[in-house]
Every structure is written in C-alpha cells, then in structure tokens.
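Turn these sequences into a full structure, and let the hints steer you where they fit.
In order, the protein sequence lines correspond to chains X and C. Using the numbering used here, you'd call the opening residue of the first sequence number 1 and step up by one each time. Using the numbering used here, you'd call the opening residue of the second sequence number 1 and step up by one each time.
Simulated from the structure, these hints should not be mistaken for lab results. Backbone N, C-alpha and C fix where the C-beta goes; we use that ideal spot for every residue, glycine too. Incorrect hints may have been included.
[Stated by the list, open to error] One-sided excerpt, in silico: chain X residues whose CB lies under 10 Å from chain C: (1) I153; (2) F244; (3) A384.
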Amino acid sequence: MRAPTPTEASAPVTPVPAAGEAPPAAPARRPGLLRRFLRKPGAVVAAAFLLLLTLACVAAPVVAPYGESEAILADASSGPSAAHWLGTDNLGYDVFSRLLYGGANTLGPAALSVLIAGVVGVPVGMAAGFRAGRLDRIVGWVLDGVMSIPSTIFLLAVLAVFPHNMTVAMAFFGLLISPPVARVVRSVVLGVRAEQYIDVARVSGIGDAGIIWRHVRSKLAGVVVVQLTLVAGISIVAQSGLEFLGLGPQPPAPTWGNLVSTAAESIHRQPWLLVPTGGVIALVVIALWFVGDGLRDALAERWQGPPTTRGRRAPAPAETAARSRSLPADAGVLVLDGLTVSFGDGADRHPVVQDVALSVAAGETVALLGESGCGKSVTARAAAGLLPSTAHVDAGTVVLDGTTYDLTGRGPDLPRGAGIAMIFQEPVAALDPTLTVGALLTGSVRRHTGVDRKAARERALELVRQVGIRDPESVLRRYPHELSGGMAQRVCIARALAGRPKVLVADEPTTALDVTVQQGVLDLLRERQAETGLGILFVTHDWGVVADIATRCVVMYAGQVVEVAGVDDLFAGPRHPYSRGLMAANPAAARPGERLTALPGRVPAPAEWPRGCRFQARCPFATEECGRGPIPLTTCADGRQVRCIRWEEVAGAGS
Amino acid sequence: MGMIVLRRLAFAVPLLFAVSLVTFTLIAIAPGDAARVLAGPEATPAEYEELRRELGLDAPFLVQYWNWLSGALQGDLGTSIVNGQDVALALNQRLGVTLSIVIPAVVISSLLGVLIGCISAHRGGWLGRLVDLAAVVGNALPTFWIALILVTLFAVTIPLFPAIGYVGLTESPAGWARSLALPVLSMVIGGVAGTAKQTRDAMLSGLAAEYTLAHRADGVSELAVVYRHTLRNSAAPILAMVGLHFVGALGGTVLVETIFGLPGLGGLAVSAAATHDIPTLQGVVLYFAVLVVLVNLVLDLTYRRINPKVALR
Numbered sequence: 001m002r003a004p005t006p007t008e009a010s011a012p013v014t015p016v017p018a019a020g021e022a023p024p025a026a027p028a029r030r031p032g033l034l035r036r037f038l039r040k041p042g043a044v045v046a047a048a049f050l051l052l053l054t055l056a057c058v059a060a061p062v063v064a065p066y067g068e069s070e071a072i073l074a075d076a077s078s079g080p081s082a083a084h085w086l087g088t089d090n091l092g093y094d095v096f097s098r099l100l101y102g103g104a105n106t107l108g109p110a111a112l113s114v115l116i117a118g119v120v121g122v123p124v125g126m127a128a129g130f131r132a133g134r135l136d137r138i139v140g141w142v143l144d145g146v147m148s149i150p151s152t153i154f155l156l157a158v159l160a161v162f163p164h165n166m167t168v169a170m171a172f173f174g175l176l177i178s179p180p181v182a183r184v185v186r187s188v189v190l191g192v193r194a195e196q197y198i199d200v201a202r203v204s205g206i207g208d209a210g211i212i213w214r215h216v217r218s219k220l221a222g223v224v225v226v227q228l229t230l231v232a233g234i235s236i237v238a239q240s241g242l243e244f245l246g247l248g249p250q251p252p253a254p255t256w257g258n259l260v261s262t263a264a265e266s267i268h269r270q271p272w273l274l275v276p277t278g279g280v281i282a283l284v285v286i287a288l289w290f291v292g293d294g295l296r297d298a299l300a301e302r303w304q305g306p307p308t309t310r311g312r313r314a315p316a317p318a319e320t321a322a323r324s325r326s327l328p329a330d331a332g333v334l335v336l337d338g339l340t341v342s343f344g345d346g347a348d349r350h351p352v353v354q355d356v357a358l359s360v361a362a363g364e365t366v367a368l369l370g371e372s373g374c375g376k377s378v379t380a381r382a383a384a385g386l387l388p389s390t391a392h393v394d395a396g397t398v399v400l401d402g403t404t405y406d407l408t409g410r411g412p413d414l415p416r417g418a419g420i421a422m423i424f425q426e427p428v429a430a431l432d433p434t435l436t437v438g439a440l441l442t443g444s445v446r447r448h449t450g451v452d453r454k455a456a457r458e459r460a461l462e463l464v465r466q467v468g469i470r471d472p473e474s475v476l477r478r479y480p481h482e483l484s485g486g487m488a489q490r491v492c493i494a495r496a497l498a499g500r501p502k503v504l505v506a507d508e509p510t511t512a513l514d515v516t517v518q519q520g521v522l523d524l525l526r527e528r529q530a531e532t533g534l535g536i537l538f539v540t541h542d543w544g545v546v547a548d549i550a551t552r553c554v555v556m557y558a559g560q561v562v563e564v565a566g567v568d569d570l571f572a573g574p575r576h577p578y579s580r581g582l583m584a585a586n587p588a589a590a591r592p593g594e595r596l597t598a599l600p601g602r603v604p605a606p607a608e609w610p611r612g613c614r615f616q617a618r619c620p621f622a623t624e625e626c627g628r629g630p631i632p633l634t635t636c637a638d639g640r641q642v643r644c645i646r647w648e649e650v651a652g653a654g655s
Numbered sequence: 001m002g003m004i005v006l007r008r009l010a011f012a013v014p015l016l017f018a019v020s021l022v023t024f025t026l027i028a029i030a031p032g033d034a035a036r037v038l039a040g041p042e043a044t045p046a047e048y049e050e051l052r053r054e055l056g057l058d059a060p061f062l063v064q065y066w067n068w069l070s071g072a073l074q075g076d077l078g079t080s081i082v083n084g085q086d087v088a089l090a091l092n093q094r095l096g097v098t099l100s101i102v103i104p105a106v107v108i109s110s111l112l113g114v115l116i117g118c119i120s121a122h123r124g125g126w127l128g129r130l131v132d133l134a135a136v137v138g139n140a141l142p143t144f145w146i147a148l149i150l151v152t153l154f155a156v157t158i159p160l161f162p163a164i165g166y167v168g169l170t171e172s173p174a175g176w177a178r179s180l181a182l183p184v185l186s187m188v189i190g191g192v193a194g195t196a197k198q199t200r201d202a203m204l205s206g207l208a209a210e211y212t213l214a215h216r217a218d219g220v221s222e223l224a225v226v227y228r229h230t231l232r233n234s235a236a237p238i239l240a241m242v243g244l245h246f247v248g249a250l251g252g253t254v255l256v257e258t259i260f261g262l263p264g265l266g267g268l269a270v271s272a273a274a275t276h277d278i279p280t281l282q283g284v285v286l287y288f289a290v291l292v293v294l295v296n297l298v299l300d301l302t303y304r305r306i307n308p309k310v311a312l313r
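Spelled out as structure tokens, the structure:
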C-alpha cells in the first residue's frame with residue numbers, strides 16, 4: 001500500500017520492537033485515555049447526560065417530584081408547566097417522574113443484556129481469533145446463524161413462556177446480540193496475530209500466544225467498550241419495543257416502552273406526550289453512540305499518536321528566493337517545476353515536498369531515489385495529478401509533451417492514461433478485482449481511442465502480446481486474483497500503454513516482485529521504451545534497479561531534491577553526503593567480509609525539518625554553517641546539481 | 001448455479017433445525033403449559049390431565065419435538081390453542097401482508113440508502129457528516145416511535161393516510177397502497193440511515209483502494225470510478241447490510257403491524273405471545289427463519305454475480 005497519506009508522508013519510521021520487548025507503550029508524557037476522552041466535547045456532554053440520567057433513575061424515589069403511582073386527576077392531560085415539567089398523562093401521572101421511575105425498569109434489563117453480550121461475545125471471539133483454523137470457521141458459521149434469527153420474534157417466544165419477565169427476555173437478547181461483539185474481538189486478535197506474528201514472534205521464535213495476548217490486551221478493552229455502547233443502544237430500543245407491546249411489566253408499573261404506549265392511546269387529544277416518552281429513548285441511544293464514538297477516537301489517538309500541535313512557520317522569503325532555476329519547457333516530455341505539496345490543516349499543515357523540479361526526456365528513464373518519507377511518491381503522484389484529497393498542492397506546474405498544466409487547481413485536467421500513465425508497487429492490488437483482464441484492457445483502449453468493441457479487443461490482445469504474455473487469449477479471460485505478481489504487473493503495463501502515453505510514472509513497480517520476476521519487468525519496460533520513445537519516471541530505493549534501468553537520477557531528501565546526476569556519474573562519485581550514505585548502505589554493494597554500513601538516524605518528519613540543511617543531523621560532513629540557512633540547489637560546472645555547501649569535499653573524500 | 005443453491009439450502013437446514021429446537025426447548029422448560037391456559041383456572045386436575053393427553057403434552061420432550069417436526073415437514077404446523085385454527089393456514093393467509101410491508105420497505109430503503117451513501121462518500125464534506133449524523137439519529141429512533149409520530153403527522157394532523165387498517169390489493173389497489181404507506185415509511189427511515197452509513201463506509205474504503213487510483217491514473221471519469229467500479233467492489237458489505245436490514249424489518253413487523261392494525265405475521269405473533277398460543281408462535285418463528293434463509297440465498301447469488309472471486313471459489 002503506497003498511498004501517500006499524510007501519516008505515511010510524515011510519520012517517522014517506527015523501529016520494529018525487539019523480540020521479547022514489552023508492547024510499545026504510549027510515551028510517558030502522552031495524556032491518558034480518560035484525559036483524551038475528556039477533550040471531546042460531544043462525547044463528554046453525552047456521557048454526563050447518561051450519568052445524570054442513570055443517577056436520577058436510580059434515585060427516582062428521592063429525586064422525582066411526584067411518587068411512582070401518584071396520580072393527580074385534577075392535572076390530567078396537561079402540557080409542560082412549572083408543576084409538571086413534561087406535562088401529565090390522561091390519568092394525571094407526572095410524565096417526568098414516571099420517566100425516572102421507568103428508567104430503572106428499562107435500563108436494568110438492558111444492562112443485563114449488555115453484560116451477557118460481553119461475557120459471551122468476548123471469549124467466543126478470542127477463541128476464534130487465537131485458535132483460528134477450523135474452530136474459527138465453525139464459530140463464524142454459528143455467529144452467522146444467530147445473526148440471521150429475527151431476534152424480536154424469538155423474544156416473543158421467550159415472553160410467551162416467561163410472561164412479562166423482561167429480565168429473562170433481555171438475557172436471551174444478550175445472547176442473540178453477542179455475535180457482533182465476538183466478530184470485533186476476533187478481528188482484533190487476528191489483526192494483532194497478523195502484525196505481531198510476522199514482526200516479532202517469528203523472528204525470535206517465542207511462542208505466539210503469549211506475545212499476541214500482550215498486544216491484544218492493550219487493544220481489546222477499548223474496542224469492546226465501544227462495541228458494547230452500540231449493543232446497549234440496540235438493547236434499549238428492542239426492550240422498549242417489547243414493553244410498548246405490553247409484554248413487559250404491566251401498568252401501572254412504569255417502563256419507557258409502556259409510557260410510549262400510554263402516550264399512543266391519547267395520540268388524538270394530546271400528541272405532545274409522544275415527544276418526551278419516545279424522545280428519552282432516542283436521546284439515550286444517541287448519547288450512547290456519541291460516547292462510543294468519542295472513546296473510539298480517543299483510542300485511535302493512542303495508536304497513532306496525537307496530531308502535533310507545534311506550529312510550523314511558513315517558508316521564509318529567503319527560502320523561496322533560493323528556488324532552483326526553472327527548467328525550460330522544452331527540456332522533456334515531462335517537466336515538473338516548483339512543486340510544493342503540504343498535508344494537514346491549520347497549524348498542523350506541513351509541506352512534505354518543497355519546490356521540487358525535475359524533467360524526463362523522451363526515451364529517458366529518470367530514477368527518483370530516497371528513503372521512505374522523503375516525498376518521492378508524493379512527487380510522482382503529483383506529476384500525474386493523483387494526490388489524495390487531503391494533499392494541498394501549494395504551487396507547481398507540469399509540462400506534458402509541450403502543454404503546461406497548473407497542478408494547484410482541484411484535480412487538474414491532465415491527459416491521464418493517454419499523455420501520462422502510471423504503474424504501481426502492488427500490481428495485483430492495482431487491478432480492479434471485479435474486472436477480467438480483457439474487460440479492463442478493452443475498457444482502456446476504448447476510452448483512449450474510441451474504437452468499437454471488436455477493434456478494442458484486437459488491440460487488447462496485441463497489448464497483452466507486447467508485454468510478453470504467452471497465451472494471451474486465456475489471460476484476457478482471467479481475473480486479477482488468478483494472476484501471479486509478475487503477470488499482474490505485465491497486465492498493468494499493458495494497460496498503461498493502451499493510451500500510447502508519452503510518459504510513464506512507475507512507482508516502485510518491482511519492489512513487491514520476486515527478484516527473478518523483477519528482471520523480466522525491467523527488460524520489458526526497456527523494450528517498450530526503445531520501441532515507443534516513452535519517458536519513464538521511476539521511483540525506487542533500490543540501487544540495483546537504478547543501475548539497471550536509469551539514465552539519470554534525482555535524489556530526494558526530506559521533501560527536497562538534493563542531487564541530480566547521470567547514473568554513471570552518480571555511481572562514480574556522489575556529491576551529496578545523503579546520496580553517498582544511501583549508496584554505502586546498499587546491501588547489494590557490500591563486499592563479503594566487510595561490515596555493512598547503515599545510514600544512521602532517520603528522515604525527519606516534516607514538522608521537524610531544521611532551518612538549515614535538512615540532512616545535517618545525520619551528516620558526517622556537517623559544520624556549523626550547515627545550520628545557518630536554507631541550502632540552495634547548486635548547478636556545478638559539469639551540469640550536475642547538488643544541494644550541499646561542502647559538496648566538493650564530499651566528492652573528494654574516498655569511499 | 002443450481003449446485004450453489006442446493007449447497008446453501010443444505011447449510012440452511014441445520015439453522016432451521018436449531019431454531020425450531022431452541023424454541024421448542026424453551027417452551028418445554030417453561031413453567032405451565034398450553035393445557036393449563038386452555039383449561040382455564042377453574043379446571044379440575046382430571047380435566048387438565050385429559051387435555052394434556054389430548055394435546056400430546058404428556059409425551060416425553062423428544063417425542064413431542066419429533067411429532068411437531070414430522071408434522072412441520074409435511075406442512076402441518078398444528079392448530080392454534082386459542083381458536084383451533086390450522087396454524088399453517090393462518091400463517092399463509094397473513095404472509096402476503098407481511099411481505100407487502102417488508103419487501104417495499106427493504107427495497108426502498110436499500111436503494112435510497114445506497115444512493116445517499118454513494119453521494120456522501122463521493123462529495124464528502126458537510127454532506128458526509130450529515131449522513132453520519134442522520135445514521136446515528138435514524139438508528140436511535142425506535143421504529144414504533146417513528147410509526148406513532150407518522151400517525152400523528154400524516155393521519156391525525158393532516159389526514160392523508162389511514163391511521164389503522166388494511167385494504168386488500170384485490171379490493172382496491174389504491175387503498176392497499178395507502179394503507180401500507182405509513183407502515184412502510186416508518187420502517188424505511190431507520191433502514192435508509194443504516195444502509196447509507198454502511199454504503200458510505202464501504203465506498204470510502206473502496207475509493208482509497210489502489211485499483212481506484214489505477215482507474216484514475218488511466219483517465220476513468222470520476223463518475224465511473226464511483227458509480228461503476230467502486231460501487232461494484234463495495235457490494236459485499238452493502239448486501240450484507242441489506243440482509244441484516246431484512247432480518248430487522250421482519251422483527252419490526254411485530255411492532256408496526258400492531259400499531260397499524262395490519263393482519264400480518266408480526267401482529268399474529270404478538271397476540272400469540274400474549275395468549276400463550278405456542279403452536280402459532282412456533283409457526284411464525286419457523287416462517288421467519290425460512291424467509292431469512294431465502295433472502296440470504298438471493299443476496300448470496302446476487303453477490304456471486306457481482307464478485308467473481310466468490311463465484312469461482
């Protein structure tokens with residue numbers, strides 16, 4: 001998944017926890033769950049309302065202005081007044097008092113249902129998640145079965161057997177409504193298994209159950225509470241429905257349901273009564289939802305970390321003045337200039353790509369290099385006008401085959417598919433699972449050329465043949481999940497070529513493929529390029545791929561271009577310390593017996609970009625001067641570009 | 001296709017079996033029985049015993065269940081304790097009324113819900129937030145309360161529709177439609193809210209998928225991305241929601257038919273529960289379970305047509 005979300009673009013690379021280490025606990029200074037919950041006004045108001053109402057219902061004999069069965073006939077059927085806040089019914093009962101008394105009758109059994117749903121749902125979900133396999137399938141099947149029982153009708157049967165016994169009925173309801181709880185618990189356990197098992201347990205060889213349990217425990221409590229607030233709402237609605245039908249405690253005992261049914265009896269004379277009686281049920285359910293929602297958000301913040309509130313100054317004028325010179329418009333089939341992209345809103349808005357310029361000539365392959373979080377994917381996607389709606393393009397233009405497009409508008413009208421096409425890292429995920437290869441390709445051909453169905457099919461066959469797929473007829477009939485990764489990437493390339501584009505943006509197209517398959521895809525791209533003069537912008541962090549396919553390299557660091565050079569020149573002598581470090585850290589270049597050099601530190605998040613050189617914290621060549629101000633992109637005498645004030649020393653230093 | 005239908009039905013048999021057994025067990029363990037109800041409080045012990053024997057209630061539990069089951073398999077669901085009517089006959093007479101509330105309610109709320117969900121996922125912003133809020137409120141309003149409010153508004157205050165009663169389709173099609181308008185509408189409101197929310201969530205995750213980006217990268221129009229490709233890919237959760245909504249609507253008939261005085265299965269179930277008419281209640285539970293099985297089968301087949309991944313498995 002390479003979608004350039006703000007989190008991906010800005011999040012620091014979290015180190016994988018070492019084996020046996022405690023689950024990643026929230027940093028000490030981060031506020032607790034309760035504090036984070038208290039920051040959500042809607043949820044707090046809802047929680048306060050529920051708490052007050054529950055207390056008032058429990059303490060009804062003390063709090064209620066009138067007694068449980070204190071009917072004042074003289075006041076019967078009156079509207080809201082100082083004496084009767086919510087009016088009275090046809091027998092002269094005070095509605096407000098009756099609602100408080102009825103609350104205890106209604107909320108008690110509903111609470112029992114919630115308790116049972118939790119007590120049954122949680123262990124069942126855990127068992128299914130932990131044991132997986134056959135048990136999981138059986139549990140899933142039983143849960144499906146229970147969920148397909150119309151619970152109301154089943155409760156009628158229960159109430160026929162235990163007349164007017166809401167406690168028994170709601171205990172059964174708790175059972176019937178436990179499947180969603182079990183489902184959620186199961187998916188949490190399975191999710192943790194999938195992450196942790198691969199990351200930790202397999203590496204360390206520690207038995208998985210213990211580790212999974214530690215991680216599950218930290219996530220489960222909140223998820224279960226959220227789910228139970230929903231269950232509580234459903235239980236209250238279901239129960240009051242049964243009470244409304246007269247199947248609960250008999251009048252004059254008040255319940256929320258039979259207060260509504262009393263109101264319904266005088267619907268012609270006093271429709272007002274419906275408002276407070278049904279309204280309290282609706283309000284409680286809505287309040288429960290808000291509490292659940294607030295809890296969920298508060299929990300989500302624990303996992304993601306709260307959004308940084310530290311403001312970031314706008315780019316200083318000096319920085320803007322230090323812009324690289326724009327390249328002439330005729331420099332290539334793709335010319336990207338002055339691209340600045342930011343994510344977030346208000347004080348949290350941070351640029352992730354700043355003033356990036358690059359160009360790709362016809363028949364040329366330009367590699368866009370850098371670690372994760374340097375902004376290379378964002379740059380590549382911006383060039384095709386494919387940023388997510390959360391991204392703001394603050395500035396930037398792209399020239400495609402001589403036509404200039406402004407990227408700042410909402411969804412620039414780029415000739416996607418025809419002028420500029422794209423292939424992705426996960427080829428199978430990039431193919432619509434509901435379309436056969438044939439439907440996909442003929443669709444593309446028809447969209448870009450407007451030919452009829454038959455001609456489109458011919459062309460689709462030709463495209464499939466061109467990408468080196470044997471047996472094209474049969475492949476056209478297949479669905480994406482029936483293709484191997486390499487085959488899927490070939491299909492993606494065929495699709496990308498359907499509109500005869502001038503430029504292809506390739507976003508790490510070989511990263512997810514087997515090494516043996518990678519070579520085939522690279523050869524294919526080279527071959528199609530030789531035949532059509534396609535310009536390729538190739539995003540990668542793999543030096544082997546760079547050496548294989550690229551003609552020129554653009555190295556990015558922390559949202560800026562730091563070095564531009566021909567591929568041979570770069571390999572012969574990088575001039576930016578980052579390029580140098582990145583190259584030294586390349587495992588493929590390591591010689592046997594020699595210690596692998598790792599690039600120390602990590603890419604700073606956009607909010608943490610320093611004032612001067614962004615690489616200074618990790619740079620062995622850094623001096624005091626590097627921190628003084630923005631470093632310009634310098635064009636050297638030989639045409640190479642580098643963003644370093646000490647590049648001559650870097651180039652001079654032996655490797 | 002035929003095989004799939006058979007397999008799904010084969011899977012449904014244990015479910016129906018379990019539902020009937022649970023209901024039966026429940027009734028067996030309950031204090032008191034049908035004979036007690038039928039005999040009335042003044043009956044002598046001898047009369048009561050006689051009645052028990054007549055009703056077959058003196059037989060062991062499993063024998064009783066077997067008698068009921070073998071009858072049910074031949075379409076004989078026994079007779080009502082209250083009025084001696086044949087249960088299967090009574091249910092068949094009322095099935096049409098229930099279906100003419102539930103099917104329009106589910107169809108209308110699904111279509112509206114999917115449309116609203118798509119638009120809100122596509123346009124986002126305040127519309128998306130509004131759908132989220134409406135879903136919360138719509139789900140929180142008890143169906144019976146919505147029904148009563150609708151009666152107050154559109155039958156009492158502005159007498160557009162009858163507040164109560166049912167007109168047969170053959171009697172007067174217009175009258176039939178008018179008598180069903182408010183019951184259907186009261187079910188639609190909650191249903192639209194839930195379906196819209198589910199659709200919106202499914203669509204949002206579909207719109208964030210890599211293949212959606214690939215469609216856009218290939219110049220597919222935004223309208224086609226949303227309404228052709230993403231909607232198709234979001235079919236699974238949406239159809240699952242429709243299935244659950246159908247189950248909920250069946251349960252809702254219990255309230256709605258009572259409020260609007262409609263002679264359907266739900267209303268019958270309520271009166272059966274109130275009068276301890278166990279055979280009738282058993283029959284309604286069975287009918288509802290069969291309806292759910294059938295609807296899930298239809299949804300499953302629909303889904304298989306949409307998503308090849310399932311179809312080929």
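Cross-check of the supplied hints:
1. Because the closest C-beta pair between I153/X and chain C is about 5 Å apart, less than 10 Å, the hint holds.
2. The closest approach between the C-beta of F244/X and any C-beta of chain C is roughly 5 Å, which is under the 10 Å cut-off, so the hint is satisfied.
3. The closest approach between the C-beta of A384/X and any C-beta of chain C is roughly 6 Å, which is under the 10 Å cut-off, so the hint is satisfied.
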